[in-house]
Structures are given as C-alpha cells and as structure tokens.
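Novice: With the hints as extra help, turn the sequences into a complete structure.
As given, the protein sequences belong to chains A and B, one line each in that order.
With UniProt numbering, letter number 20 in the first sequence gets 20, and the count goes up by one each step, no holes.
With UniProt numbering, letter number 91 in the second sequence gets 91, and the count goes up by one each step, no holes.
By construction, these hints were calculated from the structure, which means they are not laboratory data.
It is possible that part of the hints are untrue.
To be verified - Among the chain A residues that face chain B by a calculated CB cut under 10 Å, a handful are:
(1) E33
(2) V36
(3) G39
(4) I41
(5) K127
(6) A130
(7) Y131
(8) D134
(9) H135
(10) W139
Said to hold, decoys possible - Far from chain B by the CB rule (all over 12 Å, computed), these chain A residues:
(11) L4
(12) Q31
(13) D35
(14) G57
(15) W244
What the hints assert, rightly or not - Quick list of simulated restraints, FRET-style, between CB atoms:
(16) K127/A <-> P62/B: 55 to 65 Å
(17) A130/A <-> H79/B: 48 to 58 Å
(18) D28/B <-> T186/A: 33 to 43 Å
Just so you know, these numbers come straight off a predicted model, no measurement behind them.
Ideal placement from N, C-alpha and C gives every residue a C-beta, glycine not left out.
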Amino acid sequence: MNDLFVYTLRLGDDALISAQRTAEWIAAAPQLEEDVALGNIGLDQLGQARSLLQYAGSLDGRTEDDLAYFRDEREFLNAQLCELPNGDFGFAMARLLYFATYQHLLYDELRSSADETLAGVAGKAVKEVAYHVDHAMQWVLRLGDGTEESHRRMQAGLDALWPYTAELFESDPLVQRLPVAVDPSTLHDAWLERVLAVIDESTCERPSSSYQHTGGRLGRHTEHMGYLLAELQHVARSHPGATW
Amino acid sequence: MIEPLWEVFVRSRRGLSHTHVGSLHAPDATMALRNARDVYTRRQEGVSIWVVRAADITASSPDEKDEFFDPAGDKVYRHPTFYQVPEGVEHL
Numbered sequence: 001m002n003d004l005f006v007y008t009l010r011l012g013d014d015a016l017i018s019a020q021r022t023a024e025w026i027a028a029a030p031q032l033e034e035d036v037a038l039g040n041i042g043l044d045q046l047g048q049a050r051s052l053l054q055y056a057g058s059l060d061g062r063t064e065d066d067l068a069y070f071r072d073e074r075e076f077l078n079a080q081l082c083e084l085p086n087g088d089f090g091f092a093m094a095r096l097l098y099f100a101t102y103q104h105l106l107y108d109e110l111r112s113s114a115d116e117t118l119a120g121v122a123g124k125a126v127k128e129v130a131y132h133v134d135h136a137m138q139w140v141l142r143l144g145d146g147t148e149e150s151h152r153r154m155q156a157g158l159d160a161l162w163p164y165t166a167e168l169f170e171s172d173p174l175v176q177r178l179p180v181a182v183d184p185s186t187l188h189d190a191w192l193e194r195v196l197a198v199i200d201e202s203t204c205e206r207p208s209s210s211y212q213h214t215g216g217r218l219g220r221h222t223e224h225m226g227y228l229l230a231e232l233q234h235v236a237r238s239h240p241g242a243t244w
Numbered sequence: 001m002i003e004p005l006w007e008v009f010v011r012s013r014r015g016l017s018h019t020h021v022g023s024l025h026a027p028d029a030t031m032a033l034r035n036a037r038d039v040y041t042r043r044q045e046g047v048s049i050w051v052v053r054a055a056d057i058t059a060s061s062p063d064e065k066d067e068f069f070d071p072a073g074d075k076v077y078r079h080p081t082f083y084q085v086p087e088g089v090e091h092l
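Specialist: In structure tokens:
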C-alpha cells in the first residue's frame with residue numbers, strides 16, 4: 001500500500017470513529033441544547049471522514065463506503081483514543097478536549113501541505129475543529145470548577161484518557177518520508193501547553209501516566225473496537241449495495 | 001438542576017435588526033451564546049446573535065391589554081395615511 005493512502009486513512013479513520021462515538025450522544029446528552037451541539041460536532045467529524053476516505057479510496061480504487069463499511073478491525077488505523085466507549089459526560093469532554101486540540105494543530109499545519117486535496121480538507125476542517133476545542137474547553141472549565149461531584153468526574157475523565165494521548169503524537173518512518181504529511185511528534189509541545197492551560201484553569205490536577213497505550217496506527221485496537229464496528233457496519237453488510 | 005432560560009435574537013444579515021428566534025436553557029451567558037449558535041444558526045441563519053436572560057425581560061401583561069393597546073384603536077389620525085398631502089408640497 002502506498003504511503004499517501006495509509007496516511008490519509010489514519011486521518012480519515014480518526015475522524016470516522018470519533019464521529020461514531022460523538023453521534024452516540026445524540027438524545028443522550030444532559031440537555032437538548034447539548035444534543036444539538038454534539039450532533040453538529042459529530043457531523044463535522046463525519047464530513048471530514050468522508051472527504052478523507054473518498055480521497056484515500058481514489059488512490060486505491062475503492063469508494064468511501066467500501067472503506068467505512070467493508071474493512072475489518074485490523075485494517076482500521078485510528079488512534080485508540082477515538083474508539084473508547086463514551087463513559088460519562090466528563091469523560092466525553094475530556095476526550096473532545098484532547099482530540100480536537102490535536103486535530104486543530106494538525107489541520108493548521110496540513111493546510112500548507114503540498115498535497116492540494118489534504119490541504120483543502122484541512123483548510124475547511126480547521127475552523128470546525130476550532131469550535132470543537134472551544135466547546136470542550138467551556139465544559140471542562142465548568143465541570144472542573146463546578147460542584148464537588150462534577151470536579152471528581154472531570155478529573156476522572158482527564159486521568160482515564162491521558163494514557164491514550166501519546167499515540168496521537170507518535171512518529172514513524174511513514175510520516176517522516178512522506179513529504180506531504182505532518183509529523184505528529186512536532187505538534188506535541190503545543191498540544192501539551194494548550195491542554196494543560198485548560199486543565200490548570202479548571203482547577204483539576206494535571207494527569208500523569210507512566211504507561212501509554214499504542215497500536216492503533218498498526219491496526220491493533222482495544223476490545224471496544226469490534227463492538228463499535230459491528231454497529232457501524234452491520235446494515236451495510238446485511239444489505240450490500242442497498243440504496244435509498 | 002434547572003438551568004436559566006435565555007431568549008435568543010439573531011441578525012440574519014448585515015443591515016437587518018436582530019429578530020427573536022426562540023429560547024433555550026444554559027448555565028451562563030457564554031454557554032447560552034454557544035448553544036444558540038448550535039441550535040439556531042446551524043443552517044446559516046445568522047451573522048450575529050444576542051442572548052438575554054428571559055428573567056431580565058420586562059414584558060407587558062395580557063391583563064393590561066385593554067388599557068395598553070385598545071386606546072390606539074380609534075386614533076386613525078396617528079397614521080400618516082390619514083392626512084391628505086396638498087399638491088405641490090416638496091420634500092415630504
């Protein structure tokens with residue numbers, strides 16, 4: 001498989017799997033307004049996924065649907081952070097803060113990629129993701145600096161997801177030799193600064209972890225990924241080629 | 001917890017006034033503005049949003065309808081169309 005295909009798939013799978021988890025909040029968020037907000041965010045992520053998977057597919061003779069619905073777990077290249085089950089609302093906002101801040105830095109760099117398609121997708125997405133960061137930040141601040149219970153849950157979410165953040169910034173030979181790619185390791189310092197500033201202001205403690213999960217970029221996933229894909233793919237696989 | 005109610009006003013484009021579009025719940029003004037963006041402008045309905053705490057609006061009461069509004073009913077001379085403009089008046 002060529003490098004550009006694999007790289008595009010990594011970005012597209014992050015967006016697709018995040019969209020699936022975000023969409024699970026619709027009709028389950030704490031209030032109607034948040035249902036709509038998360039619906040908008042999930043659809044932004046899905047839009048990014050579609051553009052990226054269409055592009056990846058065009059390099060490989062497949063469609064976006066082939067890539068979304070007819071790949072098996074080991075062929076998905078998203079970071080494990082994206083696939084973890086939703087947990088409570090504090091957990092969800094911690095993930096959105098970590099992930100959207102990463103995406104924002106990434107797309108901001110990718111805008112000037114020599115690959116016009118990737119640059120175009122990034123240019124559109126960077127504005128969407130700036131809003132996702134803001135939304136997550138507003139909630140982390142309010143929950144962290146809210147009641148005793150909301151503080152406890154916000155801290156628990158930040159702590160539980162911290163060991164899944166290093167994977168976002170892993171460098172490997174592929175991103176180093178592919179000139180149109182952004183090496184994610186170059187984004188880590190800026191990410192850390194931005195995320196820790198929010199955590200400090202929220203009155204939560206800075207999380208730390210000696211262990212960091214890895215493997216998503218190689219197709220190795222958590223036990224939750226299979227269940228997620230079953231839900232995502234089962235209609236398309238039960239009725240292959242169906243249209244409406 | 002019941003969050004405060006906010007009234008939302010959206011300016012649909014430059015040059016027009018903000019128009020009331022509905023209401024929503026939010027814990028504070030910052031979140032109200034963001035919720036309004038998500039709920040009321042997701043189809044490009046606006047270029048500017050105001051949110052006002054519903055409790056801060058002083059409204060006329062239906063009980064006061066008679067004395068508030070009825071007296072205007074028979075005063076047709078308050079409409080400019082009541083007056084005949086004489087021929088030859090300029091700049092009117």
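Novice: Hint by hint, note whether the structure agrees.
Specialist: Comparing the hints with the structure gives:
no. : hint                         : verdict
1   : E33                          : holds, 4 Å
2   : V36                          : holds, 5 Å
3   : G39                          : holds, 8 Å
4   : I41                          : holds, 9 Å
5   : K127                         : violated, 13 Å
6   : A130                         : violated, 13 Å
7   : Y131                         : holds, 8 Å
8   : D134                         : holds, 7 Å
9   : H135                         : holds, 7 Å
10  : W139                         : holds, 8 Å
11  : L4                           : holds, 33 Å
12  : Q31                          : violated, 6 Å
13  : D35                          : violated, 9 Å
14  : G57                          : holds, 28 Å
15  : W244                         : holds, 23 Å
16  : K127/A <-> P62/B: 55 to 65 Å : violated, 45 Å
17  : A130/A <-> H79/B: 48 to 58 Å : holds, 51 Å
18  : D28/B <-> T186/A: 33 to 43 Å : holds, 37 Å
Violation of the numbered hints given earlier is confined to hints 5, 6, 12, 13, 16; the remaining hints are satisfied by the structure.
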